[in-house]
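If you want the building blocks of each chain, they are given just below.
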Amino acid sequence: MQETFLQRRLRDAAAVVVVGLFMFPLFWWALTSFKPTSAIFDKDGIVWFNFKPTLVNYAVTMLGKSRAELAIDSGNTFGVGGASSYDSRQTIIDSLIVAVGATALTLLLAVAAAYALSRMRFRWRQAYLNWILSQRFMPPIAIIVPVVFMFHYLSLLDTRLGLVIVDTLINLPIAVLLMKSFYDDVPVDVDEAAMIDGATRLQIFWRIVLPMVKGGAAATAVLCFIFSWTEFLLSLFLTSSIRTLPVKITTFVTSTGSEWGFIAALGTTAVIPSFIFILLVQKQLVRGLTLGSLKE
Amino acid sequence: MTVTALPASEPSRRVWPRFLTSEHPFPWLAPITAMIVAFGVYPLLYALWLSFFKRNPVTRMHVFNPTWNWEKLFTDERVWGAIGHTYSYTIIALLIELGLGLAIALLLDCDRKGYGLLRALMTLPLVVPPAVTGMMFLLMLDGSFGVLSQGLVSLGLWSPQHPILATNGSALAGVLLADIWQWTPFMVLIMLAGLRALPKEPFEAAAIDGATAGQAFFRLTLPMLSKIIALAVLIRGVDLFRIYDYVKVMTDSGPGTATETLTSYAGTIYFKNADFPYASTISIFTLLLVIVTSNIFIKLFKVRF
Numbered sequence: 001m002q003e004t005f006l007q008r009r010l011r012d013a014a015a016v017v018v019v020g021l022f023m024f025p026l027f028w029w030a031l032t033s034f035k036p037t038s039a040i041f042d043k044d045g046i047v048w049f050n051f052k053p054t055l056v057n058y059a060v061t062m063l064g065k066s067r068a069e070l071a072i073d074s075g076n077t078f079g080v081g082g083a084s085s086y087d088s089r090q091t092i093i094d095s096l097i098v099a100v101g102a103t104a105l106t107l108l109l110a111v112a113a114a115y116a117l118s119r120m121r122f123r124w125r126q127a128y129l130n131w132i133l134s135q136r137f138m139p140p141i142a143i144i145v146p147v148v149f150m151f152h153y154l155s156l157l158d159t160r161l162g163l164v165i166v167d168t169l170i171n172l173p174i175a176v177l178l179m180k181s182f183y184d185d186v187p188v189d190v191d192e193a194a195m196i197d198g199a200t201r202l203q204i205f206w207r208i209v210l211p212m213v214k215g216g217a218a219a220t221a222v223l224c225f226i227f228s229w230t231e232f233l234l235s236l237f238l239t240s241s242i243r244t245l246p247v248k249i250t251t252f253v254t255s256t257g258s259e260w261g262f263i264a265a266l267g268t269t270a271v272i273p274s275f276i277f278i279l280l281v282q283k284q285l286v287r288g289l290t291l292g293s294l295k296e
Numbered sequence: 001m002t003v004t005a006l007p008a009s010e011p012s013r014r015v016w017p018r019f020l021t022s023e024h025p026f027p028w029l030a031p032i033t034a035m036i037v038a039f040g041v042y043p044l045l046y047a048l049w050l051s052f053f054k055r056n057p058v059t060r061m062h063v064f065n066p067t068w069n070w071e072k073l074f075t076d077e078r079v080w081g082a083i084g085h086t087y088s089y090t091i092i093a094l095l096i097e098l099g100l101g102l103a104i105a106l107l108l109d110c111d112r113k114g115y116g117l118l119r120a121l122m123t124l125p126l127v128v129p130p131a132v133t134g135m136m137f138l139l140m141l142d143g144s145f146g147v148l149s150q151g152l153v154s155l156g157l158w159s160p161q162h163p164i165l166a167t168n169g170s171a172l173a174g175v176l177l178a179d180i181w182q183w184t185p186f187m188v189l190i191m192l193a194g195l196r197a198l199p200k201e202p203f204e205a206a207a208i209d210g211a212t213a214g215q216a217f218f219r220l221t222l223p224m225l226s227k228i229i230a231l232a233v234l235i236r237g238v239d240l241f242r243i244y245d246y247v248k249v250m251t252d253s254g255p256g257t258a259t260e261t262l263t264s265y266a267g268t269i270y271f272k273n274a275d276f277p278y279a280s281t282i283s284i285f286t287l288l289l290v291i292v293t294s295n296i297f298i299k300l301f302k303v304r305f
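Respectively, the protein sequence lines represent chains A and B. Residue numbering for the first sequence follows the numbering used here, beginning at 1 and increasing consecutively. Residue numbering for the second sequence follows the numbering used here, beginning at 1 and increasing consecutively.
Bear in mind the hints are in silico, worked out from the structure with no lab data behind them. There's no promise every hint is true.
[Said to hold, decoys possible] Straight-line Cα separation of at most 30 Å, DSSO-like style, residue types lysine-lysine; simulated pairs:
#1 B:Lys-72 / A:Lys-283
#2 A:Lys-52 / A:Lys-65
#3 B:Lys-54 / B:Lys-272
#4 A:Lys-283 / B:Lys-113
#5 B:Lys-227 / A:Lys-283
#6 B:Lys-72 / B:Lys-54
#7 B:Lys-227 / B:Lys-72
#8 B:Lys-54 / A:Lys-283
#9 B:Lys-113 / B:Lys-200
#10 B:Lys-227 / B:Lys-272
#11 B:Lys-227 / B:Lys-302
#12 B:Lys-302 / B:Lys-272
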């Protein structure tokens, strides 16, 4: 079924329009982050490009400036005070620590477990795999109340370590199944040849197989990072002073009005690391989203 | 435990029982098992146990009363409302995301220059934190200065008196829009992976026999993709069923309880009433519904991982 010239152009146009529609919210969001408040809340209609771009929203959320300070800097003494609660520097640091910590812990546990599940034959292997898989389908809300009690008892409530633990728990099934699918791609002959030469499992794993799945492990790490970076429900329940980015951003909506400029600036900042990472692991993304069961 | 003889090449290592050596799966699986049991299984059993307690609102003590919460659950109209919203949300979103996903995947499944970039761009919505997506759509759907609602108003499709997210009938649609924007790319990606893996020969044969594009799609592509579609629907369906972030951020279950889902109702009971046993009961009930519904689906469509 060869396409004619016209069909080809039509397809190109349709593809660009569809992808454009999906990109629009991101574009609008980024645009809003450079708008002064007056351009966001314009009563006369939607402001597209006829505004003076400003970095105030980033200065407040990323540099911790207060609006009064900024007003004085620009020679304007008519300022609004008390913007310190919009300072998100600590939030970004906390989010990074939690996401990196959870990724590291997940990988540590999953890389070992997946190796055994891929290479060793034992009685409850399939049942064990299904059990891991079933964890992925458990709604976090089902465990959150007891986890709050437990964390209270263990003094893990409102700590970064606590968030690392629950994020790891959420990531584990995906990481194990994904890593297993990468190990399964390495021929068993490799292990067997080394075994004949007298290598132990640990040596085979560490010296031979693990280096062969480095790329897969990196992709797994990226996906774990993104899942932890975007996690909302658990950190909403488990923290009050330490806030991860997705939770922090919702606190900018207040009963006296929402700071859309700040929200957009922080939101734009929040998506940048994910975008960079995801473009690096395009190829493995499908596998990650389908628990390692689909290859591309 | 018996100590087995080790290969002669390593005589010094024989002190360990076999199940503690790297030849046995135990040391490989013990840490992860401990982690999941401690922070996954134990809390789940605890939640079930907690659901058998009645919270005394005055003393805040939990008294053992195994039927109290479960009776309350089945007579609670908000629970039935939430079940309705959860299912309609899940089913509508699934149908739209699947249909759009398949269509867009077919559109983007092309080797010409530039399509790789388009496919890469299409994945970006997936990695936006859902809470941020919720905020994004909250801004765009705002009644007075949202770009989408203003667009609808100026096209004459919507009246400015009824902000989309604050009107009973449309609030759910508003929340759905955020979900559809974020997760249609998921379907696109999976369908693309499926399309790429299809064998070429049947299509060549069909073309020779003079099949139209429509016939090829319905008789060949769709049946061959059915397994992948079922898997994608299952994974997405389970996620949709526990929808929380968009609802919490965009409408906070409102207006009234118009967008209240099971998870968001449990959250409300937890945060506003501090009735932990009842919140646990709703959560366990949600889990049961997920298990029953997904198992029916798995049996019906013979999904395999």
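Cross-check of the supplied hints:
With a C-alpha separation of about 49 Å, the suggested pairing of Lys-72 (chain B) with Lys-283 (chain A) is violated against the 30 Å cut-off. With a C-alpha separation of about 20 Å, the suggested pair Lys-52 (chain A) and Lys-65 (chain A) falls inside the 30 Å cut-off, and the hint holds. Restraint check for Lys-54 (chain B) and Lys-272 (chain B): the C-alpha separation of about 17 Å stays at or below 30 Å, so the hint holds. Restraint check for Lys-283 (chain A) and Lys-113 (chain B): the C-alpha separation of about 18 Å stays at or below 30 Å, so the hint holds.
For the hint linking Lys-227 (chain B) to Lys-283 (chain A), the alpha-carbon distance of about 21 Å falls within 30 Å, and the restraint holds. For the given pair, Lys-72 (chain B) sits about 10 Å from Lys-54 (chain B) by alpha-carbon distance, which is consistent with the 30 Å threshold. Simply put, Lys-227 (chain B) and Lys-72 (chain B) have alpha-carbon atoms about 40 Å apart, too far for the 30 Å limit, and the pair is violated. Distance restraint check for Lys-54 (chain B) and Lys-283 (chain A): the Cα-Cα separation of roughly 51 Å exceeds the 30 Å cut-off, and the hinted pair is therefore not satisfied.
As the CA atoms of Lys-113 (chain B) and Lys-200 (chain B) are separated by approximately 21 Å, the hinted pair is consistent with the 30 Å bound. As the CA atoms of Lys-227 (chain B) and Lys-272 (chain B) are separated by approximately 43 Å, the hinted pair breaks the 30 Å bound. Between Lys-227 (chain B) and Lys-302 (chain B), the direct Cα distance comes to roughly 8 Å. Compliance with the 30 Å bound is thereby established for this hinted pair. Restraint check for Lys-302 (chain B) and Lys-272 (chain B): the C-alpha separation of about 42 Å exceeds 30 Å, so the hint is violated.
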